[in-house]
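Dock chain U against chain X, hints included.
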Amino acid sequence: MARRAGAPEVSAGSMADIAFLLLIFFLVTTTIETDAGLDRMLPPMEPPTEAPPIIKQKNIFTVNINRNGQLLVEDEILSIDKLREKAIAFLDNGGAPSGSPDYCNYCKGKRDAESSDNPTKAIISLKNDRETKYSTYITVQNELVGAYNDLRNREAKRLFGKDYVEMEAEYLNPETEDSVKEELKEKVTRIQGLFPQKLSEAETSSE
Amino acid sequence: MSKFAKKKDGEVPAVSTASLPDIVFMLLFFFMTVTVMKDSSLKVENVLPNASEVKKLEKKDRVIYIYVGKPTKEFEKTFGSEPKIQLNDKFASPSEVGDYILMERAKKPQEIQNVLTTALKVDKNANMGLISDIKQELRKVNALKVNYTTYEGDAFNNLQ
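Note that the protein sequences, when read in sequence, are chains X and U.
Just so we're aligned, residue 1 is where the first sequence starts under our numbering, counting upward by one.
Just so we're aligned, residue 208 is where the second sequence starts under our numbering, counting upward by one.
Hints were generated in silico from the structure; no laboratory data involved.
Here the structure is a predicted model, which is why all the values come from computation and not from measurement.
Hints are not guaranteed to be accurate.
Simulated coverage check for chain X against chain U, where a stretch passes if three residues somewhere in it have a Cβ under 8 Å from a Cβ of chain U [stated by the list, open to error]:
{"hint": "1", "region": "18 to 24"}
{"hint": "2", "region": "38 to 45"}
{"hint": "3", "region": "98 to 110"}
{"hint": "4", "region": "127 to 140"}
{"hint": "5", "region": "170 to 177"}
For lysine-lysine, the following DSS-like pairs were computed, each having C-alpha atoms within a straight-line distance of at most 25 Å [said to hold, decoys possible]:
{"hint": "6", "chain 1": "U", "residue 1": "Lys266", "chain 2": "X", "residue 2": "Lys181"}
{"hint": "7", "chain 1": "X", "residue 1": "Lys127", "chain 2": "U", "residue 2": "Lys352"}
{"hint": "8", "chain 1": "X", "residue 1": "Lys108", "chain 2": "X", "residue 2": "Lys198"}
{"hint": "9", "chain 1": "X", "residue 1": "Lys198", "chain 2": "X", "residue 2": "Lys127"}
{"hint": "10", "chain 1": "U", "residue 1": "Lys262", "chain 2": "X", "residue 2": "Lys187"}
{"hint": "11", "chain 1": "U", "residue 1": "Lys266", "chain 2": "X", "residue 2": "Lys187"}
{"hint": "12", "chain 1": "U", "residue 1": "Lys262", "chain 2": "X", "residue 2": "Lys86"}
{"hint": "13", "chain 1": "X", "residue 1": "Lys127", "chain 2": "U", "residue 2": "Lys347"}
{"hint": "14", "chain 1": "U", "residue 1": "Lys263", "chain 2": "X", "residue 2": "Lys198"}
We treat Cβ as the ideally placed atom computed from N, Cα and C, and that holds for glycine.
In isolation and in its complexed conformation, chain X is listed as follows (with noise of 0.2 Å):
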């Protein structure tokens, strides 16, 4: 009868190679990317029976994009590199007089009677044709939300020291604690407080 000396020993040699070979599947399959993209809200869909707030005509900043990717502002011909420009001049206007109610103290606008009263009551509309391409249409969207992000961080900066877009990166990032959160939650809810965004995008027109 053979003597046995305890269980033979497992030869541990190839465990390398089956590592290596599981590894090699996993980094072919692997893809690493987390997507990015401009969020937005669509509108709910109205009950019809609700009349429609009245709003303003000077508080509504119209946008219209033709078939060809012409921008049409306020009834005026704009290339789409002055939008921004100009959707900022009309968000921080601040043209309600000092002393009434919708007085904005922190706007550093031209406080043009003729265009918006303040932050918080300007609408941007926006329209576009059925024939509009998309890359031009994510180009006005990237420039209107632009105009908000640049005057968020601005007054981010004037009442924090830190920049809007990064508070609210970091507050999104599910890797922040929570303490941190909460704080930042203040923060980045008080800002869009001061600015807004109010998008509002009409049907398409198919003509």
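Relative to chain X, chain U alone:
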């Protein structure tokens, strides 16, 4: 001095490879945890536009994807060259988008059903008409949070 002089010349000690499996396993686990299997193959051309004011789309489990673009070469014969919507693995018409969203939403756990985002991965050459139809459908099923997925870059590159 004598401490260092003792070395026998010419003999390099063999490097132990016993810890090699451990190292490889460590790498393996890393890649296993970060791997996301590609779930649907693209049947449409999908060159996204550029944008600079982007936000990252965190938490992949809360995202429903909709692809739009021209059918690729192999499908061009059967589906034409007009931009189409791709849901999961098949082409769809705009009216099917609502049902698809509801179906996908039902698959997710209860607690995140209200915080889902719809990621629109749209080819830059698509027309807004189709996108508007999709947006209308999304509004009907109350999926209001959308993300126009883009590449990060200068938005003015889109215009060329």
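Hints, verified against the model:
{"no.": "1", "hint": "18 to 24", "in the structure": "holds (count 4)"}
{"no.": "2", "hint": "38 to 45", "in the structure": "holds (count 8)"}
{"no.": "3", "hint": "98 to 110", "in the structure": "violated (count 0)"}
{"no.": "4", "hint": "127 to 140", "in the structure": "holds (count 12)"}
{"no.": "5", "hint": "170 to 177", "in the structure": "holds (count 3)"}
{"no.": "6", "hint": "U:Lys266 / X:Lys181", "in the structure": "holds, 17 Å"}
{"no.": "7", "hint": "X:Lys127 / U:Lys352", "in the structure": "holds, 19 Å"}
{"no.": "8", "hint": "X:Lys108 / X:Lys198", "in the structure": "holds, 19 Å"}
{"no.": "9", "hint": "X:Lys198 / X:Lys127", "in the structure": "holds, 14 Å"}
{"no.": "10", "hint": "U:Lys262 / X:Lys187", "in the structure": "holds, 18 Å"}
{"no.": "11", "hint": "U:Lys266 / X:Lys187", "in the structure": "holds, 23 Å"}
{"no.": "12", "hint": "U:Lys262 / X:Lys86", "in the structure": "holds, 23 Å"}
{"no.": "13", "hint": "X:Lys127 / U:Lys347", "in the structure": "holds, 20 Å"}
{"no.": "14", "hint": "U:Lys263 / X:Lys198", "in the structure": "holds, 21 Å"}
Of the numbered hints stated above, the single one contradicted by the structure is hint 3.
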